[in-house]
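Trainee: Just so you know, the sequences run in chain order Y and W.
Residues in the first sequence are numbered consecutively from 1, following this note's numbering.
Residues in the second sequence are numbered consecutively from 1, following this note's numbering.
Not one of these hints is a red herring.
If the Cβ cut is set under 8 angstroms, some of the chain W residues that face chain Y in the computed set are:
#, residue
1, Pro176
2, Pro398
3, Tyr400
4, Val402
None of these hints come from the bench; they were simulated from the model.
We treat Cβ as the ideally placed atom computed from N, Cα and C, and that holds for glycine.
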Amino acid sequence: MLSAKHKTGLVFFPAFDWAISPTHPEREERLLYTQDQVFEEGILDIEGIEEYRPDLVTVKDVQRVHFCVPSVWDVMTESHFISAGGAKTIGMAVMDKRIERGFALVRPPGHHAMRVVHGARGFCNVNIEAIMIEYLRRAYGINKVAIVDTDCHHGDGTQDIYWHDPDTLFLSIHQDGRTLYPGSGFMQEFGGPTALGTTLNIPLPPKTSEEGFLYITENVVLPILEEFKPDIIVNSAGQDNHYSDPITNMNFSAQGYAKLTSLLKPDIAVLEGGYAIEGALPYVNVGIILAMAGIDYSKVREPDYNPDRIRQSKDITGYIEKTAETVLGLWDQRVSIGEKVRGKDKIAERTRRLFYDTDNITENQKESLMVCPDCSGALRIDSTSSRDKHILAVHIPRDACHACKERGYEWYDVKPHGYDIKFLQDRPQDKYLEDHKGKE
Amino acid sequence: MIIGLDVGGTHTDVVLIGDQGIERETKVVTDHSNLFKTVLTGLEKVTEGIDHKKINRIVLSTTLTTNAIVQHKLAPVGMIVAGGPGIDPEYYRTNIDYCCVKGSIDHRGRETEPVNPSEIKQIRDQFRKKDIRYVGIVSKFSVRNPQHELTINEILGNSFDKVFMGHRISGKLNFPRRIATVFINAAVYPIHKDFFEAVKRSLNKKGFTMPIHILKADGGTMTFDSSVDFPGQTILSGPAASVMGSIAFASRDEENLVLDIGGTTTDMAVLIDRVPVLNALGIQLDGYKSIIRSLATQSIGIGGDSHVCIENGKLKIGPERLGPALAYGGPSLTPTDALVALGIIPELNKDKSILGLKPLAETLNLSLDQTAQKIVDQTCNEIVKNAHKMVREINSKPVYTVHEVYEDYTVKPKKVLVLGGPAQHFAPNLEKLFNLEVKVVPRWSVANAIGAALARTTCEVTLFADTEQGKASAPEENFFRNVSQLFSKEDAIKIAYDLLKEKAIKRGADPQDLDMEVLEDLEFNMVRGFYTTGKNIRIKVQVKPGLIHGYDQISNS
Ligand SMILES: [Zn+2]
Ligand SMILES: [Zn+2]
Ligand SMILES: [Zn+2]
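Chain W on its own, in the form it takes in the complex (with noise of 0.2 angstroms):
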């Protein structure tokens, strides 16, 4: 059996999936002072009297991470930074501690400028002074050639308790977000660490020994054994549970929309044949531009609880919510009141939702059914806008290919799977103004948890080739290779894929549950003067995100 959970803004929603389907499913309040506690009590009540030799995997989603960014409750940080010739790497400062030295590697990967030891002895021994335990350490270019990340990591010895380096958590090129995503995952090391050594005891104890797997914001999994060396990975981890809770629900071979509606905000997220859409550079958190790998997801700030106004004479929906609605005690109208003044949600204290609603229809000069209409209609208005945008957004990525811009491939979502609360009656509505089929997610109030519980481990592997240096390497995967002039994109592919599925198996996936594909295969042939000197090779694979192998068929249950 398997325990999927997933801390969210109010509530922590957990359940314990086996053969069968939902065996159990539990809300617990989310204390945010104490998720230690939320997360055990959670674990605890969906567990109760069942033999613990049964479960045999457990997915934990948080908000730990995230909330530590967000409420800037970070540990001190030692940056490390080499920029060499371009953008003065002063302009991405990440906090006090960060230092801007010599050393630079070209495109190709080669040195153009070495470290030198003594500067960054000298940091070292500032670092130390300052009591700093984790350090990052960043060098452009560093994924085509990490040697100056390497002995800068060397230099510093074993005078810190974590050094982060850039090579070794994404294969992509951007400068910018490597320092920004390597001062993330430093900063947010320690409190990860701990909280979830701290689960795993106590789970030991109570005769818990499976690994941990803990959700990623790409939607997919590791185990909390690798997730110490990128704890990053798991900020903002709660969209994507959602999305994974509805791609049971998703049709084969076509597009999707999944609208996740709850109180605040809608999320939204696109599946192409039940594989989510992932975002292209990295995800963004509180002013962080990182290089760590999401779901191309889009929030707005409507829901069913967003306050309800007239301003400047036009009705006005969110973003903000400041409280339920009106029908449940609330302190302002809001679209569920809406909703509830229509007959729509039945409801004993209609009342309270039609008092709200007087002198909106007064300024509006509207009967109460007319203007509890128009705001359902400007509520689901507002979303299908958003959608359309989100796709035109993800249709309107660059190409750089001749073959890329004449076959011009576009997602046309057939179908839509709403979640969240008021979802289910803002359906209908939002039917008519899609054109297209919405389906209510069956099981939507614990679905991100069945999308943790369910998640397949993912990772990527990026391959550089450059026959003329006679290199191979994936610096992030350590791997490094001399190769000869005969090397060629199919050989790159093979060891992409070998480096990939070793990764996956260390992060914990099932070796039988690989499901694997080629994002980029480029080739080029490098001339200098009027002759083929070499290729330059770049290849990059995935492990896709899904549900893991015999449970995709859970909407059955």
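If we strip away everything but chain Y, and leave its shape as in the complex, we get (with noise of 0.2 angstroms):
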């Protein structure tokens, strides 16, 4: 008889009910030859293979996270609150060693998804997994994570949340952002001031194969994680590296994804991106699924799977090599760059221009940081959308001293304001406020 080596948890929520518009590549029928192909499969009837409901999530575990204008509720719709909901459902099952690993196979995803949200990216409208592991921290005290996004875009989303948290590792594999929405994810990103160094970016050129991310996975992301030393790894699982993936250019296969997998051994995977619904995302999903669990998945593989036919050029594995060898030594030297970098700034600013696609919205921002050698530091957010709503947000970090507490406080308090909406996210206390003009 079949059974798990590792007992593994599924939240499995294809939301048949939900679409962001009927033809749009984010509908009900995505994951529904995937189930088909796990309910066939007799995955769920598997000796330590326990399906879960998911939970919804709450207002303030999005709040924790995010900023939502104009609330919350405007930009979460309820499929979005099941779908981080079945994220959070496979991290408790995770914390409370219910199982040893669990993967959330729901939609919609959410890596695209920034701090601020103003509308839907990518996509995306909230962070699933950050909504996931900010609740765990705050839940269960674990401090450092390592996030692996290995969806073919860029994670930009998840990038944004943690450029500024020297405690979580992002690091992202995807397709080269000048041939790919969202157009970012190059190795100079590499996290903000206080941060440098966790923010990690393996852009791979188009045509990459197994042969690629299997490298990149062993050669990079692997040391890097055995350096880091997470309290747990969370695979951002998208699915749109896969060959036949309609909107993306990579050569991808199910067995690469089950061996990623397997080499990787993520606590937690959240599926995120993956359009080939019929030729990929049911093999794909079911090896991923074997993987985690320890189950031979050795004859998963796609009816019309040929290695000879995707396998990548001489020159691109040179490309790879050559990627691999600048990350690491980035990773090497950031101790020194960080250093380089703060300077002797006691405030760093960014001004961006954001797109939202999805919702055709744009965005004009103005971050300024607290460069403080006691913690991560207090930052202040002002952002102007093209629908017209002009926002202060202040975040103090988790680990924030008591002068960057003083100092998000004081941002905050500003009177009079001129802003449309006041948003505090008093991370030490889980406390999160809104100041809706002319509403008092």
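Dock the two chains into a complex; use the hints.
Mentor: Listed below in structure tokens is the structure:
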């Protein structure tokens, strides 16, 4: 009889009644054939594989991560509460040791959702991994977390949320931003002044195949994880690197994804993208589940799988080896680069223009960070959207020192204020404030 | 008049039911080495002096196939399994002659690798050489497209006595369970067929000519003639018989819990508006996970005759039964003895029970009464705890739509029906612990036979349509039709109901008494590129388990 070597939990939530629009890639049908394959393979019957019903996240769980404009209820649909909840359910089951590992096979996805949310970007409204992770930090007291994003698109939302967090290692492997949405995720994107080196981007050229992905996993991801020593490893398990994916240009496979999962050994995997709903997802998901559970996946392959047809060229192999070297070099020098970057500034500022492709919104942001020697620094964001909302958002980090806590409240308490909404995330106290103009 | 017969572990119960209710009831000792004689004796006793022409229905629930599986008395079977990409089907091996072959169908029912005829011919010859007479054929996704199973069957020709194919036994997706179920069907086929043919012959000789119905694990019936194609469905019909026997006393529009407290075990089930909750996947028996429809029942090793002892300083009840209670000449202390000692069961041999209680009372440092009470309390507590657990499990069934998550329907039993020997004595205690009305099922000692007698014929139909491929099919019913892009969910439901009606009548249902419902109706737009190219429709309908019309008021008898 088949049984799991590692007790593995699954939340399967295909949201069969939810779509962005009827013909959108993020539609009801997306996980239909995956469900067929998972059911027909009898995976949920296997000894040591446990299916859970997703919990719902609370508004507070969302506020812990996001500044939602104008409110949590306005940017979330019921389906988002469930998909984030599914990730949370798996996270709790892992922390409670009811399972060794878990996979939240849920939709809609979340890795393009940033800290400030004016609407949907790249099919994402809220960041379901971040909501889960910050809940686990609060409820279980874990600190160091590694997120390995293996979706084909750069996980720019997750990067944004953890840009200033030295305790969260964000490692994204994706198709080069010069050739794919969202056009970011270059090696130079390396983390904010107080968290330099805990954001790492590994852009890969189009047509990268199994060989390239597994090379990066073994030679870059695993050694860095080894050094970082996270309490938990989270995998943003997007499946759009597949050779048959309609919106990307990579050559990864079900066998490749399963092998990558065996190497990475994530505690928690969360489904992200993947839009080859018939030819890839059913096989990739079965491969990932079996790999997580430590069950033989050697016969899991796409019906049209032909490793010779998708093999990467020598040029690509060479390019990837060089990329690996550069990333490892950056990682090794992160401390000295950090000192150089911080210089003598007390406050670091950056201004950005962000685009919400799904909802067609433009946002202008000005970020000010306390470059603090004692903590990762209070953060102030001034943001205006093309929907005519001007907000102030203040984030006091989990590890905030006394001075940064005070600075956070000083920023928030500015009077009189001309903002439509003021937000405060007081992470040490797990307290979230909102001040809507004209409401008082 | 109707005869219901249920073969139990110790007794076989038989009832004769007329328009006015139960006319006769009888018990015979079950002889497991000669079930045929047991069944015949039971039938003879209950019909003694009755005009055979007045009997128009006979329903049997036996342990025949269950015992064959548990005791590994199975016929040699040859299995041919076509897996394709995915988990290696070798992991689902059921027996020695189990061959994994080429051929693969994908999730939409498209062939991705053909069957290799010469490979099948070789296997056929090998099976024949080994004198195998029963064969099972299962291909992955055969419920979407049975072509490979049919092709293999054709190659086998007439070389075997009986061939079972996966797509004919269930419409559900679950390849490993389909493999196990096809194997079970093939392996119990000869024993089932021989037994019921013999019963039929004997009854015919005595002048009974009505069709024999057989109880299934889902609390429904089928005729003997249709059962030869699905003999596996007769396993574990016993627990279903008792549940069906309590339905007449359940309340409408609410949820009831049924507890059958026996000597060794307590079996539990849930009724919603007098319809038993079914197991989502299928029955499990002796390591076989099958796709056979069954009631969601749970059995725990606690009953009136459970062995009571002290283990690690703590009172332990069950799960084993060493024999009857001390009061009835048994070898060890039981919860029944506790009831006797407390005077709840008036019994002459009270001394024996008290003698058995003494050492425990000393170890626990309690009085005799306190010890007896503690045993009764703990027995009831265990039952209640497990009943709650079962309800929780039913309620934690995963759902796949936003609507269902937010609707969050949960089962909350409002009443508890108990049956079985010690049930009435535990009832007051259970009532306190559940904080619900606990009702002892009248005539509980033959409720199982009543349940068998009055169970309705049940069945299920699964219909699948893929308008992009222009196909609608229900392979289980041998139904295939080309459809247009305009084919709708409503069309699909209508066809499914027609197929269901036809199937139910063929299996012995009264056309006037079909309580049908839609279990699942899903419809997806299929989008390729940025255009809608078709619809993917999935329908599941069933005839609900329940009591046959006209007899659901038997409670008044
Ligand atoms: Zn990525
Ligand atoms: Zn993606
Ligand atoms: Zn500070």
